[in-house]
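Colleague: Starting from the structure of chain A, add chain B where the hints point.
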Amino acid sequence: MTPRLVLENVRHQPMRSLLSALLIGVPVTLILTLVGLSHGMLEDAADRTRGIRADIIVRPKNSSLVSMRNGIPEDFVKYFARKPHVKAAVGVLMQPVEGITMMMTGIDMPAYNAMNGGFRYVAGTPPQSPDDIVIDEYYARQKKARVGSRLKILNHSWRVAGIIENGQMAHIVANLKMLQDLLSAHGDVNTIYLKLDNSANTEEVEHELTSDPRLEDWPILSTEEMASAWSIDNMPGLKPFIYVVMGIGVVIGFFVVCLSMYMAVLQRTREIGILKSLGASKAFILQIILAEAFLLGLAGTIAGVVLSFGSYYLIGTLVPASIQMKIVPVWWPIAGGITMIGAILGALYPGMRAAAADPIEALAYE
Amino acid sequence: MNNGAIIQIRNLHKTYNVGEVDVPALRGVDLTVEKGEFLSIVGPSGSGKSTLFHIIGGLTPPTTGEVRVAGEDLSALTDAGRTRLRRGMVGFVFQKFNLLPNLTARDNIAVARFIAGKNGPPEAGFEEILNMLGIAKRLDHKPNALSGGEQQRVAIARAIVNHPAILLADEPTGNLDTENSRAVLELLRDLNQRLRQTVLMITHNPEAAAYGDHTVHMRDGRVVERT
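Top to bottom, those sequences are chains A and B.
Per numbering that gives the first Met the number 0, the first sequence starts with residue 0, numbered consecutively.
Per numbering that gives the first Met the number 0, the second sequence starts with residue 0, numbered consecutively.
None of these hints come from the bench; they were simulated from the model.
Worth double-checking, as some hints may not be accurate.
[To be verified] Straight line, CA to CA, 30 Å or less: simulated DSSO-like cross-link-like pairs of lysine-lysine:
1. A:Lys281 <-> B:Lys141
2. A:Lys238 <-> A:Lys325
3. A:Lys281 <-> B:Lys117
4. A:Lys325 <-> A:Lys151
5. A:Lys281 <-> B:Lys95
[Said to hold, decoys possible] Among the chain B residues that face chain A by a calculated CB cut under 8 Å, a handful are:
6. Leu58
7. Thr59
8. Thr63
9. Thr82
10. Arg83
11. Arg85
12. Phe91
13. Asn101
14. Asp106
15. Ala109
16. Ala111
17. Ile114
18. Ala115
19. Met131
20. Leu145
Predicted, not measured: the structure shown is a model, and the values here were computed from it.
Cβ coordinates follow ideal geometry from the N, Cα and C atoms, glycine included.
Pulled out of the complex, with its shape left as it was, chain A reads as follows:
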């Protein structure tokens, strides 16, 4: 009987129930979008790292995962190329062009092709002139660019020569010399990729390089280590940020449900009086209010999950290259649970108020 009573209460005020569920869904969407963005962007970075098909990655001295302040003279590329087991060494220059997530990568195309066989193209050709760039499908979609389109990046007009599959090193690939000229970084690169004669030698080569005192403080990692480093745990501040958003979720859930159930209790004062006249205990009244909050929380969770698909669609349509969002189903119950806690807490006060209502006053309520 309790589920029927609760369900009919929810159905009796469809607009209030719908709005409550949607509002409860907002923090769920907020949490799922944030988590989806974290996973999506980090996995995209990891995919693109793996897509380089190098064995070892050398970053500038004292650089971090997301910052490369110092350049590496190109001559260093030759130094690494002479190391035992190194089949090819390719220096690239990465430059943020839109925010910190969108990089243009300058490469020496013949050297890159020699290292891993080159990019896989979905349209067009490799660059034919220094002003040519190749872009990945994400960036092409974001800029609505096709082969032959001209794009202005770093105050320079580039021609799109080709479009490559996603997950191959960079969203935008330009001629290394051209990018060095534009950035006045002549002879500098900021990442070096090493391809070994056999991937089985990766650990040995990595050990040899990191043991070299001249390379102290140089981040030298295997590709797999670098790809794995793109995780939430390695992003400073990201976890606390997620926790803050989760906290906001609890607070929003609390206030939405508190307000909604408070209104509901006021509206149903007479009905609560009727139930009391029938002998309903305080616990029974509280149970009904909490069950209704639980139901609204559940509906809100579903609404939030559905809305997160809306975020996913919007981000994927509007800025697929700048930011990537992933649907992370494992977080559905977590986001729902967090919001549910807020909802139940929010229903406690109105529920206890209803349970303590004087039956005579409640029955006289108009």
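Modeller: This is chain B only, laid out in the frame that chain A set:
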């Protein structure tokens, strides 16, 4: 003490605190109701009829005095004890019907059974009562689809579904037209005569009061006459 009495009230006082003012609603009521009796209570507004009902029905505690309902001393009951009393001992019928608007007539009756801890459909004999009340075919409608008379009959069915010792009807015909009023009053009398259901009914209407075996007249918080 009268062994056949289901309600025994001695020197009952009830005072409400309205802000900082004490308002006496009952000022020494003495009343005995026999089991199976149909008692009408009449009196002007403010005479204490409803307060007396609320105390007998366990909706509010007495201030002083002795109130025994089916042997239970109400002055000694806690809030939980009065809740238990309402669950099994008394059934209410209100002037405004007071059905739960979200539930069908059937569910309104079922919820009373559920609260009393009884699951499943009512006993076989209850079907006959529903026929007698004339609502057997209207049970799947919500209150807003029922006429006033039908709603009051559903309220009566709900009030007696748990076989309460006492049926308390507070102005049961106050919101009904003459025809429906007569039907409801006859139903109450039928229930009283056929099932020996004890009925206490508040009314302003002398014709309605005449359906009872006896009539108690109240004024200024006291019983002034019993006829």
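Colleague: Given the hint that Lys238 of chain A pairs with Lys325 of chain A, does the C-alpha gap stay at or below 30 Å?
Modeller: holds (17 Å)
Colleague: Are Arg85 of chain B and chain A close enough, Cβ to Cβ, to be under 8 Å, as the hint says?
Modeller: holds (4 Å)
Colleague: Hint Ala109 of chain B vs chain A: min CB-CB distance below 8 Å?
Modeller: holds (6 Å)
Colleague: Under 8 Å is the threshold here; is the Cβ of Thr59 of chain B close enough to any Cβ of chain A for the hint to stand?
Modeller: holds (6 Å)
Colleague: Is the hint on Leu58 of chain B kept, meaning its closest Cβ partner in chain A is under 8 Å away?
Modeller: holds (5 Å)
Colleague: Lys281 of chain A and Lys141 of chain B: Cα distance at most 30 Å?
Modeller: holds (26 Å)
Colleague: For the hint on Phe91 of chain B, just tell me whether its beta-carbon gets within less than 8 Å of chain A.
Modeller: holds (5 Å)
Colleague: Should the interface hint for Ile114 of chain B be scored as holding, given a Cβ-Cβ cut-off of 8 Å against chain A?
Modeller: At about 5 Å, which falls below the 8 Å cut-off, the nearest Cβ of chain A leaves the hint on Ile114 of chain B intact, so it holds.
Colleague: Does Lys325 of chain A pair with Lys151 of chain A here, judged by a C-alpha cut-off of 30 Å?
Modeller: holds (29 Å)
Colleague: What's the verdict on Lys281 of chain A and Lys95 of chain B, does the C-alpha distance respect the 30 Å limit or exceed it?
Modeller: holds (24 Å)
Colleague: Would the hint on Thr63 of chain B be counted as holding, given a Cβ-Cβ threshold of 8 Å to chain A?
Modeller: Since the shortest Cβ distance to chain A is 19 Å, the answer is violated.
Colleague: Does Thr82 of chain B meet its interface restraint, that is, does its C-beta lie within less than 8 Å of any C-beta in chain A?
Modeller: holds (5 Å)
Of the numbered hints listed earlier, those contradicted by the structure are 8, 19 and 20.
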